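K.L.:
Sequence:
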Amino acid sequence: MCAGRIRNFALEDGKMISMTDVRTRFAPSPTGFLHVGGVRTALFAWLVARQAKGQFILRIEDTDQAREVEGSADHLISSLKALGINYDEGPDIGGPYAPYLQSQRLDTYKPWAQKLIDSGRAYADPYTAEEIQAFRDQAKAEKRAFLYRDHRPENPPAWDGTMPLRFKSEPKPYQWHDEVMGDLHSGPEVIDDIILIKSDGYPTYNFAHIVDDAEMKITHVIRGQEFLSSQPNYLNIYETLDLAFPIFATMPHILGESGNKKLGKRDGAKDVLDYLRDGYLPETMINFIASLGWNDGTEQEVFTRDELIEKFSLARVQRSGARFDEQRLLWMNGQHIRSLNLDDLYDRVADFWPESAKQVREERKKQVLALVQDRLKTLADLPTLTDYFFTEPTPNWSMVSDNKQLAKISTDEAKDLLRATKSALESSDFDADSIQNTLNALLETTGQKPGVLFSLIRLAVSWAPFSPVLNETLAVLGKDTTIARLTQALADQE
RNA sequence: GGUCCCAUCGUCUAACGGUUAGGACACCAGGUUUUCAUCCUGGCAAUAGGAGUUCGAUUCUCCUUGGGAUCACCA
1 MCAGRIRNFA
11 LEDGKMISMT
21 DVRTRFAPSP
31 TGFLHVGGVR
41 TALFAWLVAR
51 QAKGQFILRI
61 EDTDQAREVE
71 GSADHLISSL
81 KALGINYDEG
91 PDIGGPYAPY
101 LQSQRLDTYK
111 PWAQKLIDSG
121 RAYADPYTAE
131 EIQAFRDQAK
141 AEKRAFLYRD
151 HRPENPPAWD
161 GTMPLRFKSE
171 PKPYQWHDEV
181 MGDLHSGPEV
191 IDDIILIKSD
201 GYPTYNFAHI
211 VDDAEMKITH
221 VIRGQEFLSS
231 QPNYLNIYET
241 LDLAFPIFAT
251 MPHILGESGN
261 KKLGKRDGAK
271 DVLDYLRDGY
281 LPETMINFIA
291 SLGWNDGTEQ
301 EVFTRDELIE
311 KFSLARVQRS
321 GARFDEQRLL
331 WMNGQHIRSL
341 NLDDLYDRVA
351 DFWPESAKQV
361 REERKKQVLA
371 LVQDRLKTLA
381 DLPTLTDYFF
391 TEPTPNWSMV
401 SDNKQLAKIS
411 TDEAKDLLRA
421 TKSALESSDF
431 DADSIQNTLN
441 ALLETTGQKP
451 GVLFSLIRLA
461 VSWAPFSPVL
471 NETLAVLGKD
481 TTIARLTQAL
491 ADQE
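For what it's worth, my numbering labels the leading residue of the first sequence as 1, then goes sequentially.
For the record, the hints were derived by calculation from the structure and aren't laboratory data.
Wrong hints could be hidden among the right ones.
Derived DSS-like pairs (lysine-lysine); straight-line CA-CA distance at most 27 Å [to be verified]: (1) K110 <-> K53; (2) K377 <-> K415; (3) K377 <-> K270; (4) K449 <-> K479; (5) K408 <-> K377; (6) K198 <-> K115; (7) K365 <-> K408; (8) K110 <-> K217; (9) K143 <-> K115; (10) K404 <-> K365.
None of these values were measured; they are calculated from a predicted model.
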């Protein structure tokens, strides 16, 4: 980026941070796979960091032993890598503020908690779960909001680590700025004595993320809308800990295909790796997810990774949720596939060839690939589009009778046309141009429309639902194969 | 229910308070003397409702309606 674009960010307390000090993080909990909602949070944080030439950090928030899913931290990491969302510091690569696994940072949280205890701003929660539930039920019966601080124990016992440690809040109204949502505000009634450390010794997200963000010098806290209502409580903690507010940016949710609900795992949100397995390109996913709630103000729809880094801005992120439209995703994937050069595309389709192509040499496969590149919407389309190049298709004359154009002619007419085609092509040089000339001449001699003749030839040599431009298809198939297939098609209908 | 957030075509979105409200996906109709899932052209289609401010409101304010988030020893 050119130096002229470097600017500084102002923090709430008036301090300035320079752009290259920008540090953003993605802080998922290892409770399952990474879905598109999570990807977007990660992506936007990554874009902010990359644009500023700052750092992007991966921190795993594994403070809930009960909900943790075995192997999901690794899954998260491989998902980010597959998408090309690379991080500068993280659990597997370390960094100046290691470890990046919260479960390994328990000693980090202790002094901060102690500081609060010492200043009388944290206390042990002596109640049982049942007692708290009773308070809650009572509040509900009286139709008022339940607040723990209404039940603060008068003489809490010394905290010995076996009870939850609660924050002694100082209720007050807040107003703050959010890079996406704008100016926000809240009243004192939403501030409560939230739990800082659970009775199992692990900190809650509410406490741990604030400590870690401060320790790790995170400048931008970018996260989903679900945390918005907790924000005032966090602000209260920042103040008590004497920490400057970072820059906040709240992302609206991605909504499911139908309905308006937040797209979550329970609503059928897919593992982002599944999209890759289904033949979507990483750059498609990045582009599509970014464009879900962000645009650069121009009419550009398709962006490369570098363009996204250059053009992204939090200020242009939409405030309302956006629906995940797979149709649009499919279209966009086609756009990205077409923009790839052949060698690059060849490398990426390695796992998508049909079985029949396994032993085929590279040169041949590239020849076929070049022909079908325009037709691919996902890499997984490759087998149906190319199988007949590598193996003899089985004639299926119902494809002829079911064809809209070919329904007009009889089987005998069709066979006559194929015979004529065969003899015409036998004397062709069989490069794409000669074939085209031969076919054009054939149109004249047979008096058929291209829609009829060419549809028929296409089916007789491929028996596939779709195929590329006819003359080039025949050229790639080669003269011998083409003639043999025409013969076979005729024989099948004897 | 309390609190907070949001509101332009079916969907994703653009529009210093002044535009015939623009683009894209999808859909429909043509075209590319070649089918088809590429490509090109055209078409359909939106400011949730009501007040107010203003010469003028998609844009600012309020109300209504609708949607969402959150009210855990989950994050």
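K.L.:
For each hint, tell me whether it holds in the structure or not.
P.N.:
Verification of the hints:
1. K110 <-> K53: The hint is violated at about 33 Å.
2. K377 <-> K415: 34 Å, violated
3. K377 <-> K270: 19 Å, holds
4. K449 <-> K479: At roughly 24 Å apart (the allowed maximum being 27 Å), K479 and K449 satisfy the hint.
5. K408 <-> K377: Violated, at roughly 31 Å.
6. K198 <-> K115: Answer holds: K198 to K115 is near 17 Å, not above 27 Å.
7. K365 <-> K408: 36 Å, violated
8. K110 <-> K217: 18 Å, holds
9. K143 <-> K115: This hinted pair is violated, its Cα atoms lying about 36 Å apart.
10. K404 <-> K365: 32 Å, violated
Of the numbered hints stated above, those contradicted by the structure are hints 1, 2, 5, 7, 9 and 10, listed in ascending order.
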